[in-house]
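Peer 1: Sequence:
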Amino acid sequence: MGFVNTIHTDVIVVGSGLAGLYTALQAAPHARVALLSKGTLSVSNSMWAQGGISAALAPDDSPHLHLEDTLVAGRDLCSTRAVEILVQEGPARIRHLQELGVPFDYENGELALALEGGHRRRRIVHADGVATGATVTGALSRIVRSQRTISLREQMEVIEILQSDGVCCGVLAYHPPSRAWWRFLAPATILASGGAAGLYARTTNPAVTRGDGMALAYRAGAAVADLEFVQFHPTALVSETGGGFLLSEAVRGEGAHLLNTRGERFMPRYHDLAELAPRDLVSRANFREMAETGSDHVLLDLSPLDPQIIRHHFALLYERCREYGIDLLKEPVPVAPAAHYVMGGVLTDVNGTTSLPGLFACGEVACTGVQGANRLASNSLLECLVFGRRSALAALHLAEASGNQSVGWRSSPAGPTHRATAEADGLVRERLGALLWQQVGLVRNAQGLQHCLDELDPLDQLPASASVQNSLLVARLIATAAQMREESRGGHFREDFSEEAAAWRKRLVFQQGQEPTLIDLEAHDLILSPTPLAVPA
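So for the sequence shown, my numbering puts the first residue at 1; every next one is plus one.
Keep in mind that the hints were calculated from the coordinates and are not lab data.
Fair warning: this is a prediction, and the values are worked out from it, not measured in the lab.
We treat Cβ as the ideally placed atom computed from N, Cα and C, and that holds for glycine.
There may be inaccurate statements among the hints.
What the hints assert, rightly or not - Okay, the calculated beta carbon distance ranges per label pair:
{"hint": "1", "residue 1": "Ala-422", "residue 2": "His-451", "range": "39 to 47 Å"}
{"hint": "2", "residue 1": "Thr-293", "residue 2": "Asp-76", "range": "27 to 35 Å"}
{"hint": "3", "residue 1": "Glu-323", "residue 2": "Arg-288", "range": "24 to 32 Å"}
{"hint": "4", "residue 1": "Gln-88", "residue 2": "Arg-179", "range": "45 to 53 Å"}
{"hint": "5", "residue 1": "Glu-68", "residue 2": "Asp-520", "range": "39 to 47 Å"}
{"hint": "6", "residue 1": "Ala-207", "residue 2": "Arg-179", "range": "19 to 27 Å"}
{"hint": "7", "residue 1": "Thr-293", "residue 2": "Ser-146", "range": "48 to 56 Å"}
{"hint": "8", "residue 1": "Arg-288", "residue 2": "Glu-240", "range": "20 to 28 Å"}
{"hint": "9", "residue 1": "Ala-422", "residue 2": "Arg-148", "range": "49 to 57 Å"}
{"hint": "10", "residue 1": "Ala-207", "residue 2": "Glu-99", "range": "32 to 40 Å"}
{"hint": "11", "residue 1": "Asp-496", "residue 2": "Leu-100", "range": "43 to 51 Å"}
Model the full assembly from the supplied sequences, consistent with the hints where possible.
Peer 2: Below, the structure is given as structure tokens:
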């Protein structure tokens with residue numbers, strides 16, 4: 001490794017999507033913050049978010065209604081306490097973004113509120129139409145760069161979490177442009193590094209979203225949970241070139257229909273809410289219609305929409321589709337499900353506290369239980385804000401209690417060590433993505449899941465970069481969790497166990513060196529002493 005540069009600070013934030021940016025800004029007035037970005041501030045999953053931010057802001061809405069919709073979408077696997085906090089604190093986070101100057105969309109002087117799948121009220125705020133993620137993170141990025149107490153380190157790849165006597169004391173990172181190693185030490189470290197849906201061959205996520213934070217935390221001894229629950233967005237473009245992108249749920253919220261390739265509208269046959277049913281149901285309906293018609297896609301028909309709505313509210317989608325030779329005003333769009341979001345992650349309480357002292361997590365990398373088995377549309381960015389703030393406050397409290405003393409450190413015992421060429425890494429990622437898509441995708445079964453685990457063994461033996469080793473580890477955890485959960489619920493569908501099972505209304509937890517465990521849904525405060533696993537009959 002050679003010489004290692006050392007930085008002492010108060011709070012470390014790993015990740016620069018919405019969760020990382022907002023968390024850093026919450027901590028910055030009270031502490032020195034090191035904000036580490038694997039890429040640059042212009043690349044994150046949040047940047048790609050087309051959906052907006054949900055909050056009960058309308059006169060006919062309430063946090064209680066938002067809670068009910070979230071619990072229904074979550075298929076009885078949400079932590080009710082976490083959801084209560086999300087919906088009650090959500091409106092204040094939107095107001096704070098307004099104070100920070102985020103340019104939300106307005107109608108007649110009021111925030112424009114949209115409707116999306118699973119919501120019974122209009123409660124989705126957008127910024128610049130379906131460019132919400134890019135607009136919000138862009139605004140916060142400019143503020144972050146102006147803060148003297150935030151030390152922004154871009155293109156900084158975190159390799160492992162450092163510990164001293166069983167307590168997280170910072171991270172070890174590598175800076176590829178300078179080939180320099182850096183050790184960041186602090187009393188509090190917050191993971192905000194995003195999810196893992198980018199592991200799949202067909203995904204709506206950028207390449208950086210491959211579960212690095214989950215793998216780092218797991219290797220350091222922190223508990224992870226709910227990794228079997230992967231959300232597949234129903235409407236990602238299908239194109240002859242292989243490229244594709246997500247077509248926002250807001251399009252269906254404004255009245256777009258889903259048709260099979262015979263031209264038949266089918267969602268009313270599957271759910272009373274038709275195209276506005278929760279995502280897991282719409283994605284599986286798409287899958288069934290594709291199978292019945294022998295097609296690789298269904299059709300998203302925007303003809304029920306006023307052309308001015310398409311040009312004004314969905315200008316970005318209109319232009320993107322034109323790049324693929326599709327005119328939204330004249331023809332339907334070929335779409336199919338794609339991996340979009342992982343409901344599970346590093347197990348935390350409602351303050352971002354993990355089972356490893358000194359380590360916190362928020363955003364998609366975390367599992368607060370707020371998303372349950374299936375995330376409600378546009379709750380993800382809200383989660384970043386609400387639990388990012390809470391994680392920052394908890395981290396600040398810890399940093400203050402420590403007196404900001406210098407900390408010792410030791411490397412964790414199982415950090416990645418192999419080297420690999422970019423070409424070799426690319427081949428492993430290609431094989432891994434196809435394997436997950438085929439065997440741990442929208443529809444799963446015991447044979448396919450075992451095949452995936454068997455195929456991961458030889459991939460584990462190949463030389464690979466630290467990031468690829470992280471990907472392989474998270475893929476194994478996802479497949480193992482999916483194999484163990486012998487029921488279907490939300491984003492986890494087993495064709496050999498096609499119904500929900502009451503005995504499985506628990507959270508499946510993994511911790512390195514221990515047997516998998518099941519915990520009650522509200523038992524996040526007890527994650528240091530989970531009960532032994534008793535697999536339901």
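Peer 1: Broken hints, numbered, in rising order?
Peer 2: 1, 5, 9
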